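Peer 1: Based on the sequences and whatever the hints tell you, model everything.
First to last, the protein sequences are chains A and B. Reading the first sequence from the start, the letters are residues 1 to 849 in UniProt numbering. Reading the second sequence from the start, the letters are residues 1 to 849 in UniProt numbering.
No lab work stands behind these hints: they were computed from the structure. Only a predicted model underlies this, so the values are computations on that prediction, with no experimental measurement involved. What you were told as hints is all true, and nothing was included just to trick you.
No more than 20 Å apart at the CA atoms, straight line, and that leaves these computed lysine to aspartate or glutamate pairs for EDC-like:
#: 1; chain 1: A; residue 1: K272; chain 2: B; residue 2: D288
#: 2; chain 1: A; residue 1: K272; chain 2: B; residue 2: D292
#: 3; chain 1: A; residue 1: K784; chain 2: A; residue 2: D562
#: 4; chain 1: B; residue 1: K282; chain 2: A; residue 2: D292
#: 5; chain 1: A; residue 1: K282; chain 2: B; residue 2: D292
#: 6; chain 1: A; residue 1: K627; chain 2: A; residue 2: E717
#: 7; chain 1: B; residue 1: K780; chain 2: B; residue 2: D557
#: 8; chain 1: B; residue 1: K282; chain 2: A; residue 2: D288
#: 9; chain 1: A; residue 1: K784; chain 2: A; residue 2: D557
#: 10; chain 1: A; residue 1: K536; chain 2: A; residue 2: E787
#: 11; chain 1: A; residue 1: K535; chain 2: A; residue 2: E781
#: 12; chain 1: A; residue 1: K585; chain 2: A; residue 2: D562
#: 13; chain 1: B; residue 1: K272; chain 2: A; residue 2: D288
#: 14; chain 1: A; residue 1: K369; chain 2: A; residue 2: E397
#: 15; chain 1: A; residue 1: K585; chain 2: A; residue 2: E603
#: 16; chain 1: A; residue 1: K627; chain 2: A; residue 2: E720
#: 17; chain 1: A; residue 1: K282; chain 2: A; residue 2: D370
#: 18; chain 1: B; residue 1: K272; chain 2: A; residue 2: D292
#: 19; chain 1: A; residue 1: K282; chain 2: B; residue 2: D288
#: 20; chain 1: B; residue 1: K780; chain 2: B; residue 2: E603
What follows is a list of derived Cβ distance ranges for each label pair:
#: 21; chain 1: B; residue 1: L200; chain 2: A; residue 2: S404; range: 55 to 65 Å
#: 22; chain 1: A; residue 1: L523; chain 2: B; residue 2: L200; range: 25 to 35 Å
#: 23; chain 1: A; residue 1: F85; chain 2: B; residue 2: P538; range: 52 to 62 Å
#: 24; chain 1: A; residue 1: L151; chain 2: B; residue 2: S199; range: 42 to 52 Å
#: 25; chain 1: A; residue 1: E787; chain 2: B; residue 2: L200; range: 30 to 40 Å
#: 26; chain 1: A; residue 1: R533; chain 2: B; residue 2: F197; range: 36 to 46 Å
Glycine residues also receive a C-beta, built at the ideal position from the N, C-alpha and C atoms.
2 protein chains.
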Amino acid sequence: MYGRYTQDLGTFAKDEAARLRLQEGDTPRPRRPSELLEYTQGRCAPCRVCALQCQRFLISKVGEDWVFLILLGLVMALVSWAMDFAIATCLQAQKWMYGGLDTNVLLQYMAWVTYPTVLITFSAGFTQILAPQAVGSGIPEMKTILRGVVLKEYLTLKTFVAKVIGLTCALGSGMPLGKEGPFVHIASMCAALLSRFLSLFGGFYENEARNIEMLAAACAVGVGCCFAAPIGGVLFSIEVTSTFFAVRNYWRGFLAATFSAFIFRVLAVWNKDEETITALFKTRFRLDFPFDLQELPAFAVIGIASGFGGALFVYLNRKIVQFMRRQKTINRFLMKKRLLFPALVTLIISTLTFPPGFGQFMAGQLTQKDTLVTLFDNQTWAKQGLSDEFEYLGILEAWRHPRSNVFVTLVVFILMKFWMSALATTIPVPCGAFMPVFVIGAAFGRLVGESMAAWFPDGIHTESNTYRIVPGGYAVVGAAALSGAVTHTVSTAVIVFELTGQISHILPVMIAVILANAVAQSLQPSLYDSIIRIKKLPYLPELGWGHHEKYNVRVEDIMVRDIRYVTLNCRYRDLQQVLHSTKMKNLPLVESAESMILLGSIERAQVGALLSNQLSPQRRLLTLRQKVLSEDGHRLSDSSIRFQISTEASSGTPARPALRKPLKPALKRVPSSPADSPPAGATDHTGIALKSLFCANSTAEPTEEEMILGDKMTPAEILEWEEQQLDQLVDFSSAKIDPAPFQLVEHTSLHKTHTIFSLLGLDHAFVTSIGRLVGMVSLKELRKAIEGSVTAKGVKVRPPLASFRDSTASTSDADTTALRQLWDRHQHHPMPREASPGGDDDDDTPKGQ
Amino acid sequence: MYGRYTQDLGTFAKDEAARLRLQEGDTPRPRRPSELLEYTQGRCAPCRVCALQCQRFLISKVGEDWVFLILLGLVMALVSWAMDFAIATCLQAQKWMYGGLDTNVLLQYMAWVTYPTVLITFSAGFTQILAPQAVGSGIPEMKTILRGVVLKEYLTLKTFVAKVIGLTCALGSGMPLGKEGPFVHIASMCAALLSRFLSLFGGFYENEARNIEMLAAACAVGVGCCFAAPIGGVLFSIEVTSTFFAVRNYWRGFLAATFSAFIFRVLAVWNKDEETITALFKTRFRLDFPFDLQELPAFAVIGIASGFGGALFVYLNRKIVQFMRRQKTINRFLMKKRLLFPALVTLIISTLTFPPGFGQFMAGQLTQKDTLVTLFDNQTWAKQGLSDEFEYLGILEAWRHPRSNVFVTLVVFILMKFWMSALATTIPVPCGAFMPVFVIGAAFGRLVGESMAAWFPDGIHTESNTYRIVPGGYAVVGAAALSGAVTHTVSTAVIVFELTGQISHILPVMIAVILANAVAQSLQPSLYDSIIRIKKLPYLPELGWGHHEKYNVRVEDIMVRDIRYVTLNCRYRDLQQVLHSTKMKNLPLVESAESMILLGSIERAQVGALLSNQLSPQRRLLTLRQKVLSEDGHRLSDSSIRFQISTEASSGTPARPALRKPLKPALKRVPSSPADSPPAGATDHTGIALKSLFCANSTAEPTEEEMILGDKMTPAEILEWEEQQLDQLVDFSSAKIDPAPFQLVEHTSLHKTHTIFSLLGLDHAFVTSIGRLVGMVSLKELRKAIEGSVTAKGVKVRPPLASFRDSTASTSDADTTALRQLWDRHQHHPMPREASPGGDDDDDTPKGQ
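Peer 2: Set out below in structure tokens:
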């Protein structure tokens, strides 16, 4: 992010300033349309004047951030609500079908199994055809995009449509899939599309930095309106997508997420689902004595167990994906029949959950939402003393099995759902894993809670046995802990408060979530980081919990020393060699091979453009023509005129249009610049040459003349000409150079390097020593170093790196030596323009004698 | 932060690595103590071995982050609890005194007024004497410290004691003062002291970067255990102290704050204050229908009004301080009698709140805590239909006045408390403003709520009139909104949920807080920023809500062009001139005045050290001795030996000990380095010289010989000698140079510059153009630029800056030209070592003809 947009922003700012200055000129006299209106002195005239002014005011406000954020919130609330409605309808349809066929078990089974299979297969096929980028969670991609990496096609309308429809079908099938990840992606696409749409009115939507800010806000909106949890949404999105967060942008997320959650819940009220705005999964635990202090160890156990469970889930999920990819026969087969895998998985899962079959042991007929509602239930399910006569009412019925008790059902549910969820989230449809994990966590919590209730039937607090244990509270804790462990976030705690509408269990939830995080983070990466690695997206691993060893590794240990560079006075042949010998995207530009003073960095594409420009057919043509013309002996050579013009252009009034768009390949620049400034007087005697230049300007259609002239050169001649061209010194004046690439020093610690890379979103940095280029560090090296030392635990502090250190001399010397060399060079080879120092003797006396 | 610690960290890491390697060597044979124990084959031997191993394990764990965080949480919980206890006792004592004297109003008044006056005066005096740094909130200072600025004496034990005792007295007086700011400060001091204490065991506590991370966590702990609100505490501290937040450090805050809040509440349970862990100000609003959708406009009104109120509070607070400072007579008087102002303010405020006097109209006898409890009460106070017979019970009694109604009481309370709080927070005692503002906001919310309840006695929802309006909910919303407006934070919303233990009003609270923030942020800086400005701490203003214009200002508009620099081949005289002509703390080091290629930056102190070293009496002595010795003609001159040694040292085995401590003035280096390496054979013939060198090594006690020799030079000779020395070329090899100071480009937008400065905590950056130094931007310029364009609203985009732009040439050219110059220089003056390019003609043909 840092080095790349420097130039763009500059250009942008300049254009913007010019535009604003023009606007400024407009504003003092805005009477033009109203002046016109005064001629039509109708009755409506004042109204129309007013309407016009309103319109102008509105358009001027469209560019404001808050308008954008509120619009985004509104759109996302509508999208979210519509999707929820569609998903509910789908699930209702399945239930209805299943219920209607209760005369025949086989038919029932067919209906139960076919329905989700068709939906999932359709979803997979649809996404595959329309936009394969819509597959999966979307959070890993958003994390990458927010780091500044440009992923193509990830924020387009096509992907949006694919994701919305694919997700609706996938969730409508009743598979254990989540929607929070896809919602983040959908909200981001919404923001991208909205900003493109609004840029038709205002002008501020093209800015890169601003877009990133808006995308960050959009992620918050996505989570926020998925759970109707604005605060938790903002925090979750920050934890999941950012490494460093600008507190400045905090309010954006809050504004958009709050508005979105508000509209989302208002829609529910208007739809008569609810009487007023309440939480999604409202709980009704008692407030006066939510839990006993002595229950805290049980909550801690839930936290620690969830930590292990979360790590296991991530591991399982990754192993399934890797197994699919590595088994070549399976892989080849699946690549051919892409829709077979989703169909197969859905078939297995839905067969196992078939309520009259195995599903009766795991509450198979409940949807995810119903499961959560029952798990957060206020009552105690286990039979105990007084409440022996407790009847499972309504949907609670599902958890009871005549031949076993609720513990068996819960255990079976947890075990089955665990691998099912891990498997289901690998299906190539738009889906997340948050909600399934959340449900499993709630079930686990409930299990612990019911056990506690069975163990202490009258509550722990012996003095007053009025306060029973509330297993529902344990379910809340378990849900927060397991989802926190899988995603490595703490803010799931806030999400459960907002989801349940009760904050009375704050301390148990916080303790469990923190413990779960501590355990999970020390075992496995987060689910999203795991997917990032599987998908091989550019990423930077986090420094672990205890990262002391990072303070001991330094840049000099990990940097690449043998790097290719471009010198200021190199020849085109050197450029060619450099391009062939390295694949770096940014090449350092140094003053000379001796001094190695870093002047800037130049993009690979720019170097390529310089080269191809030098060897372009146009130039060859020109040379040829020049030769032909000089044979006539009557005219000045074209090339001199051409280069006079370009020299003039760069010193006096510059060729602005070309420089304004520095991203365009330099190829097009050379012909266009003389085309801009011909009227100086050159038209008189360079008629044909300029005409050909004009023609050459349209590179797409080579003129006949060009063809003829081009043909006149034999391949050998061309080769000779090219060799000759390659020996020329490079003219960098047309290339776009980043004048301040990011620099590190050899001493910089790995910890600091990591911080700087994530802060600024760098993908490479040059290592300098007193201005001299000595190496380069890219994301790859950093990644290796961090993972290398993260896996090697304990006392072994710098496992693969120590060898480097020993091979090089102590850096304190190196530093001094470098400075001294530079200094000596100055002493012995004063620059030609510098006054020869008269005091050399004074200096040499103490040194050289 | 960026440039400054680079070197330190490097050195630190190196030492650390060495230390660890030594440790590593130790660990494989840890049997030493147990081997010894085997001789004493007593019964306890296994126990003692075990204990020893445990001890060793514990000591190794002491360095872990989580141990530190838990210890911090524990300590802060204890401190917080003890202070709360003391404050409650103080307040109880006042109540008791006031209650016991109810026979005589005058005596009652005396007691009511004297008690707080004495406490506040003591607090002010105590703080003034022990540590004046403890005065005030502490959040502004912490914000500055977390930016990387070192404020002296702010984190010492003395300040800690002063703050704790001063705050206890101040809050015990019953004045409208808060404790959240001081708690942040206290927690930070706790962390600093704790890390210094723990560094006696582990070695990782000296690291600068880590300390900053720990301080950030400590701030969270401070807020968290002040309100028993871990989540809100973490978020509030982030919003208030950070500009960019590392998500990596998120868990630190949560862990410490949760543990702290947990212990804090557990202490309450053990003290039998509570039956179990609950919220501090628990509310009992109904859960099933917390509020009607149609009440939302009222909540929005609270938000907007709070926004204006918050801005007014900040303005009032600042104006009071400025008035005190500007009125010279007042100022002079107050400076003389420092304790008069606190006493006077306390006298006025306590007189006005005297319950039998004016206090009866503003619930004067209630403490802050009681006020909040009553304001968050579940019942409706205003008389309406059915509940006409409602009786004010217990402490609610205070709000009733026989001759007026509750509305009058509330309005008087709000108005009086508003200016009282604004005034009271200017008293020079440790105090914050959060809690008073929170109370005022709650009262305002209550007022609106009671009005709504009076307006719609049967609730708004006409279909079912079972749901009345809950004025307590309005109070919660008002409290969050006003405190959010004053501090410019959104997380006050989370704090109120945790304080009240209910989250049912989430949407009204969020809407009100966001609106309040929007209004307040567009009118005034936050209270903490306002204090930062008053105290003139180094700060960087935030970019406002709509900061479009920031994209149009560029570094070239705001940078200082005329900067002093040090060239690589300069003389000591130049250094002297530079030091005299500028006050910059970091001087750029450039290759030469012609090339201006930036090589690094050198600290002012280093330059000073170089100079004073060159002109040191030791060197003069040496010269003199050399002269004396060379007059003998029998020996080699000392200086040659000396310099041979130092040259050797810098090329071969270097003078490590000196280079390892680059912060020490170079002054001491020269004598110590020959002292390290005399046995080479120089002892033979440089007996006296070396002896004197050894003596010179102990600079504190000049030997007699030295005195004599020093006296031998006349002042004129000294002057001549110094002039001669100043003409020598500077030897930079002993100076500490930061080889990669932060660089910007002329194009960089103000927005990006601001981001980078706050991200990296810079206080200056050099502006380069293709490696050439062209200017410098420091915090001052940035501040000016941001505030200049923030105050000028609307269309006027770049008010004082436009002039700069027009005076300079277009930068696109400037860039190209600079490159061209550099390139030309290379063309025409090839470096002597470079092979003279044979293809020059090829290049010149198109260019020069």
